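Please take these sequences and the hints and turn them into a complete structure.
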Amino acid sequence: MSDCIFCKIATGEIPSACLWNDERVFAFRDINPQAPV
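Residue 1 in the numbering used here sits at position 1 of the sequence shown, with consecutive numbering throughout.
Do not take every clue at face value.
Label-pair distances were calculated between CB atoms; the ranges are [claimed, not checked]:
{"#": "1", "residue 1": "Cys-4", "residue 2": "Arg-29", "range": "10 to 20 Å"}
{"#": "2", "residue 1": "Phe-28", "residue 2": "Ser-2", "range": "10 to 20 Å"}
{"#": "3", "residue 1": "Ile-5", "residue 2": "Gln-34", "range": "12 to 22 Å"}
{"#": "4", "residue 1": "Asn-32", "residue 2": "Cys-4", "range": "14 to 24 Å"}
{"#": "5", "residue 1": "Phe-28", "residue 2": "Asp-3", "range": "14 to 24 Å"}
{"#": "6", "residue 1": "Pro-36", "residue 2": "Asp-3", "range": "30 to 40 Å"}
Calculated directly from the structure, the hints in this document are not laboratory data. All figures in this text were calculated on a predicted structure; none of them were measured in a lab. All C-beta atoms in this analysis are idealised placements derived from N, C-alpha and C, irrespective of residue type, glycine included.
This is the structure in structure tokens:
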């Protein structure tokens, strides 16, 4: 795998709070959102 931070999040090398995932999409929370969530 490459050094891509998003690849590492998707494969679980970097922990994240997954909101949704399927064969095409992996959604997780922004670490510093600019709008209220």
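Status of the hints after comparison with the structure:
1. Cys-4 with Arg-29: 10 to 20 Å: holds, 19 Å
2. Phe-28 with Ser-2: 10 to 20 Å: At 18 Å between Cβs, range holds.
3. Ile-5 with Gln-34: 12 to 22 Å: Since the Cβ atoms of Ile-5 and Gln-34 sit about 19 Å apart, the hinted range of 12 to 22 Å holds.
4. Asn-32 with Cys-4: 14 to 24 Å: holds, 19 Å
5. Phe-28 with Asp-3: 14 to 24 Å: Holds, at about 18 Å.
6. Pro-36 with Asp-3: 30 to 40 Å: holds, 32 Å
Taken one by one, the earlier hints all hold for this structure without exception.
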